[in-house]
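Fit chain B to the given chain C structure using the hints.
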Amino acid sequence: MSTFWRSHRYWIAPTLFIMPGALLFGVVIILASVETIWISFFDWDGVGAKQWVGLANYAQLLDDSQFYVSLKNNLIWLAMFMLAPPLGLALALLLNQPIRGMRVVKSLFFVPLVLASVTVGVVFTWVYDPTFGLLSLIFSSFGSTAPALLSDEHLVTFAVVVAALWPQVAFCLVLFLAGLNNLSEDLIGAGRVDGARGWPMLIHVILPQLREVSFIALAVTVIGALRSFDMVAVMTSGGPFGSSTVLAYQMYEQSIFSYRFGYGAAITTVLFVIMAVFIAWYLRTLLRPEREGI
Amino acid sequence: MASNDIIKLVTRAPASRRQFLIGAGTALAGMTLGAPAIAQSKELTIISNIGNASQREVLQRIASAYEKESGVKVAINNMDHEAHKTAIRSYLVVGAPDICFWFSGNRMKAFVKRELFDDISDLFERENYKSVLGPAAGAVTVDGRQYGLPLGGLLWGLFYRKDVFAEKGWTPPKTMQQLLSLGEQAKSAGMIPVSMGTKEMWPAAGWFDHMNLRINGLDKHMALMDGKMSYTDPTMLPVFDKWAELINAGLFSPNGTSFGWEQAAAALAQKKAAMMDLAGFIKYGFPQDQQDQIAFAPFPEIVQGMARYEDFALNSIHVPKNAKNKENARDFLAFFYKPDNLSAFLETESAVPPRNDCPPSKDPLVNAAVESLKTVEGSAQYYDRDTDPDMAQEGLKGFQEFMAKPDRRDQILERLETTRKRIFKA
Chain C
1 MSTFWRSHRY WIAPTLFIMP GALLFGVVII LASVETIWIS FFDWDGVGAK
51 QWVGLANYAQ LLDDSQFYVS LKNNLIWLAM FMLAPPLGLA LALLLNQPIR
101 GMRVVKSLFF VPLVLASVTV GVVFTWVYDP TFGLLSLIFS SFGSTAPALL
151 SDEHLVTFAV VVAALWPQVA FCLVLFLAGL NNLSEDLIGA GRVDGARGWP
201 MLIHVILPQL REVSFIALAV TVIGALRSFD MVAVMTSGGP FGSSTVLAYQ
251 MYEQSIFSYR FGYGAAITTV LFVIMAVFIA WYLRTLLRPE REGI
Chain B
295 MASNDIIKLV TRAPASRRQF LIGAGTALAG MTLGAPAIAQ SKELTIISNI
345 GNASQREVLQ RIASAYEKES GVKVAINNMD HEAHKTAIRS YLVVGAPDIC
395 FWFSGNRMKA FVKRELFDDI SDLFERENYK SVLGPAAGAV TVDGRQYGLP
445 LGGLLWGLFY RKDVFAEKGW TPPKTMQQLL SLGEQAKSAG MIPVSMGTKE
495 MWPAAGWFDH MNLRINGLDK HMALMDGKMS YTDPTMLPVF DKWAELINAG
545 LFSPNGTSFG WEQAAAALAQ KKAAMMDLAG FIKYGFPQDQ QDQIAFAPFP
595 EIVQGMARYE DFALNSIHVP KNAKNKENAR DFLAFFYKPD NLSAFLETES
645 AVPPRNDCPP SKDPLVNAAV ESLKTVEGSA QYYDRDTDPD MAQEGLKGFQ
695 EFMAKPDRRD QILERLETTR KRIFKA
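Going down the list, the sequences are from chains C and B. Okay, so the first sequence: first residue is 1 according to our numbering, each after it adds one. Okay, so the second sequence: first residue is 295 according to our numbering, each after it adds one.
Worth flagging that the hints you see were computed from the coordinates, not collected in a lab. Model, not experiment: these values are computed from the prediction. Mixed in with the good hints, there may be bad ones.
[Said to hold, decoys possible] Simulated coverage check for chain C against chain B, where a stretch passes if three residues somewhere in it have a Cβ under 8 Å from a Cβ of chain B:
1) 10-19
2) 42-50
3) 143-151
4) 255-266
Here a beta-carbon is modelled for each residue, glycine too, at the ideal position from N, C-alpha and C.
For reference, chain C alone in the conformation it holds in the complex (with noise of 0.2 Å):
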């Protein structure tokens, strides 16, 4: 038995410690991405018989204005979300100093990343309220009326994208102020005697230390903006009249409360195929270091 373990060890303990997190990804990552890729070829209800009616919604979708909506709307939110990494950045330079209270004013920056993505929704629903909104109470004390944000269907998407990117600002900031954290004293010193100070110092010494970390907050904060559905559920359930609906959002209507599990799969299956680009994209820069430095 000793001697069993002393010579297959090195790879039944990985085996058993990897076990519980694959099984795990395996069932609820995988497998269900698989059943829902499956699911899209049928014609399906949700409670009743699935029927085959193979590639035929994705036929209907490429019909569908809606569909062109939401892939429209995604790709603001991606646009929009870019602000968020060069944003925390330059809250985490301007925070990252040794003056004290500093760590009160810290900590409020990090508020909104310790609220709830509805409670953002919420307030910032009230924020742009027309009748009693700050927006409005902001705008009439200059003597206008405020827009009417969350009825316009062509501001809709982004004035929920503000309230989005006020939750990962504070995100990126977090990474960025840890990072600078780490950074290496020694370069940091080297670069003085050099003679850097201001810009050529961040640009030459700090940003390249931060590239890291850099990556992290550019890689979540796409996925962030690819998965966007909680702050439009909030704000807005998709409207007015389907304008701020984007690709998750519309495949839950789609499915919940139209009954069309097969075209929100088909939906789902678009949106996938949009993140794996990205995610093949953050494996290959994640994997390539490793397989250097081996």
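Same frame as chain C, now just chain B:
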């Protein structure tokens, strides 16, 4: 590697394994200790979708009284009203309670067709419900069998404040012309003529129902609901033309898509709006001491001589097919459905009792609805209760869009027609 970094970055210290073990052990111990050790011999579970606190209280009271009488323990699980609409489809299949709340008519039929609701015709027979229910029994009947008990009926129409109307010398509009002129008067008084919040989309569909019933009548309306009539049919155009006229006259709340019905009802309560289209539950939007100011008026006539058809929505209560205690569930329903219990339950939402032997209501809103129903010649339920849920979703969205952008009428109807063809395979 990067994920390792992220942990290090965020925590900056590896979590102590011992601490983790202690924590996990405590959690496990807590779970085993917390599990109930004694199994109940007889238990009845009810899933309720009631949002109103006082109605929940009444249900709890009835359940306690039943517990005392029968010795069966009753557990009520309250769910959020909107969340329940989605949850019911999974719990009817796996983990069904013994009794659940739902909506009669087409929405019930969807589950009956999938064999998820139990046939309770035997209970109907035993308690002789048919003789006391009258037409309400039809709403829970499919192919001559009954699959639920009808609860309160909601009669939809216009609501206004008595004190405001008395002060301004207004009378509830009886025709479109009067509605428009009342709108002008309300606007010059600085009020919104008709409070309408369409964030949840359905309020706009109620307005559509009224217009269509007043212009095209019940048969055509039901044909449309059943997918037998086209949305691009020429008879639909006058409905939307008239509606657009009202919208362009500024009759409805501006930016209506920004807020829900509760905020719209609050505007009526705060005298910022003159009228609102809803049912008796409008009183939830009013402070308790002002609820006696609410008055009901039927939707005005549009086509002269058209018989009066209204939206009259009936909620219902059911026994799921997969319930474990079907016998006790029937017993409880019989107890719950006694005239006294039922009317106490319905009083809180100002709903019209389905039984004709319930004691007369003290609620003026209920009595107004009962009185008004006497001249109603036929009723639909409500757009999203009468038509296919998939169709309803597109329809509600379309009506919401129409109220914001009436000039898109043709595109919207075109889209609804495409959806109708897909769903009803026409």
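Against the structure, the hints:
Figure legend: the segment 10-19 of chain C, annotated as covered by chain B; annotation inconsistent (0 residues with Cβ-Cβ distances under 8 Å, at least 3 required). For the segment 42-50 of chain C, the assignment as covered by chain B holds, since 3 residues bring a beta-carbon within under 8 Å of that chain's beta-carbons and 3 suffice. Figure legend: the segment 143-151 of chain C, annotated as covered by chain B; annotation consistent (3 residues with Cβ-Cβ distances under 8 Å, at least 3 required). Given as covered by chain B, the segment 255-266 of chain C passes the check, having 5 residues with a CB less than 8 Å from a CB of that chain where 3 are the minimum.
Hint compliance for this structure: hint 1 alone is broken.
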